[in-house]
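*Asks:* Here are the chains, one letter per residue:
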Amino acid sequence: ETGVTQTPRHLVMGMTNKKSLKCEQHLGHNAMYWYKQSAKKPLELMFVYNFKEQTENNSVPSRFSPECPNSSHLFLHLHTLQPEDSALYLCASSQDPALSQPQHFGDGTRLSIL
Amino acid sequence: DQQVKQNSPSLSVQEGRISILNCDYTNSMFDYFLWYKKYPAEGPTFLISISSIKDKNEDGRFTVFLNKSAKHLSLHIVPSQPGDSAVYFCAASGDFGNEKLTFGTGTRLTIIP
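Chains A and B, in that order, give the protein sequences. According to the working numbering, the first sequence is numbered sequentially starting from -7. According to the working numbering, the second sequence is numbered sequentially starting from 3.
Simulated from the structure, these hints should not be mistaken for laboratory data. Take these hints with a grain of salt, some might be off.
[To be verified] To list a few chain A residues with every Cβ distance to chain B over 12 angstroms, as calculated:
1. Thr8
2. Asn9
3. Lys10
4. Lys14
5. His18
6. Asn22
7. Phe43
8. Lys44
9. Pro53
10. Ser63
11. Gln74
12. Asp77
13. Ser104
[Unchecked claim] Below, computed lysine-lysine pairings styled on DSS-like, alpha-carbon distance capped at 30 angstroms:
14. A:Lys33 <-> A:Lys14
15. A:Lys33 <-> B:Lys58
16. A:Lys44 <-> B:Lys102
17. A:Lys32 <-> B:Lys70
18. A:Lys32 <-> A:Lys14
19. A:Lys11 <-> B:Lys102
20. A:Lys14 <-> B:Lys102
21. A:Lys32 <-> A:Lys10
Ideal Cβ placement from N, Cα and C applies to all residues, glycine included.
Kindly produce the complete structure, drawing on both the sequences and the hints.
*Replies:* The following block contains the structure:
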């Protein structure tokens, strides 16, 4: 039990589909993150939310749209994705918005774009 | 341009021996470093961290060494156990962790029974 739950675990979608990834944490943390891990590449930070407010957008294309309705939930809405967007998408949370706080990761959503 | 490099994609170590995982960084502004461990089909889990005011941090079987002049850190696991088989990621941050984490590509450690 990691405390950070991601659904779905696997997702296959076409380039014209719209889907959403969900992340939920019950750790009482105030900061949540989306990361992307492509094959043989480092984890790349996509978005950071502190107290439900987006504080970082790491030059992510607009076809990825995050939403943080409350401090326990984080979504990543997907629309018109490209084959190169196939990757493992990891959600994380931390107690304190300072990024030095160890981040607790979910198990990820493996996304495949056809 | 990768600022955090883990040049060994894989490492095999006999059970009971020492495992040494290496990480090099190029950004001299990095001053806070973390190691994460990842099992297949699971997310990374935090293992140990070190800030640049120290050159060593120890937690049980895990010790991280930081050589600032060489921009190099290493994770030592001793004695190695089969459950240590996983992918290990090095990560770095500036401003004592107040900047975003930059990750390496990981090293797959296999402990041979």
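*Asks:* If a hint holds in the structure, say so; if it does not, say that too.
*Replies:* Outcome of the hint check:
For Thr8 (chain A), the shortest C-beta to C-beta distance to chain B comes to about 29 angstroms, beyond the 12 angstroms cut-off, and the non-interface label holds. Distance check on Asn9 (chain A): its Cβ is at least 24 angstroms (rounded) from any Cβ of chain B, clearing the 12 angstroms threshold; non-interface status holds. The beta carbon of Lys10 (chain A) sits about 25 angstroms from the closest Cβ of chain B, which is more than 12 angstroms, so the claim that it is off the interface holds. With a cut of 12 angstroms on Cβ distances, Lys14 (chain A) stays outside the contact zone with chain B, its closest approach being about 15 angstroms.
The beta carbon of His18 (chain A) is kept farther than 12 angstroms from every beta carbon of chain B, the shortest such distance being approximately 15 angstroms. With a least CB separation of 15 angstroms from chain B, Asn22 (chain A) remains clear of the 12 angstroms interface cut-off, as annotated. No beta-carbon of chain B comes within 12 angstroms of the beta-carbon of Phe43 (chain A); the shortest separation is about 16 angstroms. Distance to chain B confirms Lys44 (chain A) as a non-interface residue, since its nearest Cβ pair spans about 19 angstroms, more than 12 angstroms.
With 12 angstroms as the threshold on Cβ separation, the claim that Pro53 (chain A) sits away from chain B holds: the shortest Cβ distance comes to roughly 18 angstroms. With a minimum CB-CB distance of about 19 angstroms to chain B, Ser63 (chain A) clears the 12 angstroms threshold, and the non-interface call stands. At roughly 22 angstroms, the least C-beta separation between Gln74 (chain A) and chain B is larger than 12 angstroms, which holds for a residue marked as non-interface. For Asp77 (chain A), the requirement that its beta carbon stay farther than 12 angstroms from each beta carbon of chain B is met, with the minimum near 19 angstroms.
The non-interface label for Ser104 (chain A) is consistent with chain B: the shortest C-beta to C-beta separation is roughly 15 angstroms, beyond 12 angstroms. Taken as a hint, the Lys33 (chain A) and Lys14 (chain A) pair is honoured in the structure, with Cα atoms around 23 angstroms apart against an allowance of 30 angstroms. Restraint check for Lys33 (chain A) and Lys58 (chain B): the C-alpha separation of about 28 angstroms stays at or below 30 angstroms, so the hint holds. Of the supplied pair hints, the one linking Lys44 (chain A) and Lys102 (chain B) holds, its CA atoms being roughly 17 angstroms apart against a limit of 30 angstroms.
About 27 angstroms separates the Cα atoms of Lys32 (chain A) and Lys70 (chain B), which keeps this hinted pair within 30 angstroms; it holds. Proximity of Lys32 (chain A) to Lys14 (chain A) is assessed by CA-CA distance (about 24 angstroms); at most 30 angstroms being required, the pair is judged to hold. Distance restraint check for Lys11 (chain A) and Lys102 (chain B): the Cα-Cα separation of roughly 27 angstroms lies within the 30 angstroms cut-off, and the hinted pair is therefore satisfied. Pair hint Lys14 (chain A) plus Lys102 (chain B) holds up; C-alpha atoms about 22 angstroms apart against a cutoff of 30 angstroms.
This hinted pair checks out: Lys32 (chain A) and Lys10 (chain A) have alpha carbons roughly 27 angstroms apart, not beyond 30 angstroms.
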